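Colleague: Take a look at the letters that make up each chain.
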Amino acid sequence: MSSNVLADQAPAFTERSVDLEDRDIRRARRQSQVIRLGSIAALIAVFAYFSAVAPGFANLGNIANVIEQSAVLALLAFGMSIVVLGGGGDVIRGGIDLSLGANLGLCVAVFAVASNAGFSDWLAVAITFGTGAAVGLLNAIAVVGLGVLPLLATLAVMNICAGAELVLTQNTVISTNSPLLGSIVGLSWLGLSVTDWVLVAATVVLIVLVQGTRWGLRLQAVGGQRQAARAAGLRVQAYLAGTYVAAGLLAALAAILQAARLSGSSPGSGDILLSVVLTSLMSTVFSRRLLPTIGGTLLSVLFIGSLINGFQLLNVSSYWVNGVQGVLILFVVAVRSLSTRRGGA
Amino acid sequence: MAQPALALRDLVKTFGATRALDNANLVVERGAIHGLIGQNGAGKSTIIKILGGLYKADSGSVTIDGQTLTHVSPRAIEHLGIHIIHQEALLVPSFTVAEALFLGAEPGIGPLLSRRTMRKRAEDIIGSYFDMMLPRDALIGELSAAHRQIVQITRALLNRPAVLVFDEPTASLVRREAHRLFGLIRRLRDEGTSIVYISHYLEEVQDLCDKVTVLRNGRDVATLDPRDTPLQDIVSLMINREIGDMFPKSAVPIGKPALSVQGLTRRGHFTNVDFTLHAGEILGLTGLVGSGAKEVLAAIFGLAPADQGSITTHGKQGAVGSPAGAIRRGLGLVPEDRRGQGIALDMSVRENTTLASLGKLTRFGFISRRREAETVRQLIARLGIKTPGPDARVRDLSGGNQQKVVLAKWLSAASDIYLLDEPTVAIDVAAKVEIYRLLGDLAQRGAAVLILSSDLLELQGICDRILVLHRGRITHRLRPADTTPEEILAAATGAAGLGESIAA
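Listed in order, the protein sequences are those of chains A and B. Just so we're aligned: 314 in the UniProt record's numbering is position 314 of the first sequence, and the numbers increase by one with no gaps anywhere. Just so we're aligned: 18 in the UniProt record's numbering is position 18 of the second sequence, and the numbers increase by one with no gaps anywhere.
None of these hints come from the bench; they were simulated from the model. Here the structure is a predicted model, which means the values were calculated and not measured. Think of the CB as a built atom: it goes at the ideal place given N, C-alpha and C, for glycine as much as any other residue.
Sample of chain A residues facing chain B (criterion: CB under 8 angstroms; computed from the structure): (1) Thr213; (2) Gly224; (3) Gln227.
Working from the sequences, and respecting the hints, build out all of it.
Modeller: What follows is the structure, given as structure tokens:
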């Protein structure tokens with residue numbers, strides 16, 4: 001035997017292992033495809049079911065209604081998706097903003113109070129956006145500056161917001177009316193209301209921002225592999241802070257639509273949080289990269305919206321919706337952790 | 001004399017009590033391929049981390065192209081044209097190849113990305129350097145390790161670096177890909193790029209490098225021309241000879257086979273591993289990182305079971321599917337990462353000691369405190385564990401004493417086959433000698449010991465036989481009396497041929 005024997009055997013050994021790796025890659029790829037197609041099939045199935053059994057579900061007016069009712073949730077879920085994208089998908093350590101629901105409630109209250117205090121619409125809007133951004137900044141300081149886990153930091157900020165809202169409103173309904181709110185409710189163009197148009201515009205802007213710009217790509221790098229982002233010279237901290245502020249601004253935008261819909265502020269806005277978490281999580285199953293996307297988030301929101309709407313048309317108690325949402329969260333998280341465990345090379 | 005492209009001078013770096021770098025120097029000439037070699041722990045990766053700005057040196061200087069840096073950061077060195085290709089790919093798993101290549105310098109109009117240009121340019125560049133195409137639109141996370149590395153290297157080349165540092169680049173490559181990489185490295189050198197090439201495969205270094213710096217114990221012991229220097233001489237330079245006679249192994253009669261492994265194979269890690277370990281014997285196992293030695297140990301203990309082959313303990317054959325099964329068969333594992341896997345840092349010495357043997361100390365589901373205390377007291381005395389008392393937290397003990405607690409755990413479980421993974425890493429010399437004494441003592445009492453180590457003097461000092469793994473196979477079976485650390489290292493790095501020592 002000579003040293004050549006070793007030289008000949010060694011590559012054969014490693015060669016085979018690489019083939020195996022390739023097969024694993026293909027399997028992981030197929031698996032993520034199955035998840036994606038399965039989710040879309042589920043969506044179509046639910047839609048078909050309600051169209052068949054729920055009277056009036058598929059008619060145009062009702063669909064417009066579903067979109068209208070989903071706008072607030074969609075804007076908040078967009079914010080959540082941006083935060084998750086930048087902070088990473090790890091359910092414990094990754095990005096999450098639990099304060100979104102409470103921020104919405106606070107912003108609605110601020111707008112109503114400012115409006116009733118005699119401020120002009122534009123000033124009230126400015127104050128509302130200032131409030132949303134400030135809450136986002138508070139999250140950013142806690143997460144990026146102080147290094148608190150996002151899960152805990154935003155939970156704390158959620159309580160601060162809820163408390164501030166109670167102080168402002170004394171836990172009562174504050175009715176308000178203003179020319180701006182009137183036109184949001186009243187005006188329409190091409191059969192779509194102002195709320196619908198705001199949703200369309202926000203969706204388009206955010207899709208371009210997240211999927212089509214340098215900023216979006218770099219944000220994905222920050223969330224996907226922080227070391228790599230740092231090595232590429234990105235200012236990781238600034239990106240992270242930016243996501244929380246952006247989420248805060250989206251909460252403020254949602255608040256103005258909410259104020260128009262409810263003609264003011266009423267307690268209990270924070271209840272929307274579960275849906276926000278669910279729809280943002282759900283959006284990941286629509287993407288090949290298993291990351292939250294704006295388009296996927298919108299699909300998920302409309303899915304949940306039609307579910308609620310379908311239940312209403314079928315006279316099923318809306319209390320069931322909470323349970324269904326909980327089951328869906330478990331399902332989505334389970335699918336994701338299963339697929340990352342298998343594909344985790 | 002022309003200015004060197006890169007000069008690291010008198011670097012010192014300490015981690016706690018360990019001196020990782022002790023006045024290390026590395027001077028790289030312009031337009032040369034400069035190899036950096038050394039055994040595990042010689043300080044190669046510490047040097048690179050200092051150069052990359054990930055660690056800060058205690059003292060010493062980093063000079064790039066005549067300019068001495070006051071603050072070494074990833075940005076600062078990149079600005080001066082140095083790029084490091086790290087061992088673990090720094091790429092975003094959810095990115096496409098094109099996105100990963102251009103992150104930070106994306107082609108586009110204003111803030112908008114232009115994906116088509118990006119993809120086209122990525123294909124052109126990879127094609128021109130590697131003469132190949134990567135799967136279109138594949139995500140980084142879906143690529144093989146070799147392909148990921150191609151992306152990583154291409155990314156570094158985009159910036160036309162003056163100095164390119166490769167840290168163990170062939171660890172995950174098959175031979176064909178490695179040759180392609182060598183061709184590329186030579187081409188870059190000819191185009192004027194200076195290359196630092198870190199590897200522990202000596203044939204590669206001899207084949208590729210114009211100059212080689214040998215590190216040993218954090219010091220550069222020689223810089224030489226590998227083409228004029230026989231491999232054996234390079235190997236001798238790498239070996240650490242500073243420890244004196246500290247191996248008190250006494251002759252123990254070798255008993256019956258305790259553990260016998262036949263045809264053990266785990267695809268992608270090791271192939272056809274055969275050996276028999278006898279009662280009273282200390283068997284050494286060594287190999288480079290990635291040789292599969294660690295995985296063999298994990299397979300025997302049931303942590304990562306083998307695909308094929310049999311494991312026989314005390315004449316009983318059967319699969320070891322889990323650590324629990326292994327413990328029942330009398331096996332005990334002392335893992336390398338003892339803080340992570342060997343002990344529970346925040347539990348007491350007593351609790352750690354009896355963790356694997358609670359069954360024996362339990363009556364009607366309750367732990368018999370009296371018997372537990374007695375067992376623990378005996379073991380503390382027998383192993384000479386220096387602890388304020390049985391209820392002290394293990395976190396507060398020294399590294400050597402923590403290691404003894406791990407041993408005590410298996411002693412109390414009445415294990416008689418001990419698997420040890422780098423048992424003396426990061427513990428001081430006095431504690432090392434004591435661990436050696438304990439292992440000798442175990443063998444004396446009829447236990448069988450399999451020790452995986454990259455400390456060659458240690459292996460030669462305490463083992464009855466030494467197995468060397470190279471690329472997943474046992475290539476050498478050596479007897480300490482008939483071998484030298486040089487020979488063991490040559491075998492592990494693939495510098496020695498197969499054959500003469502197989503008889504042992």
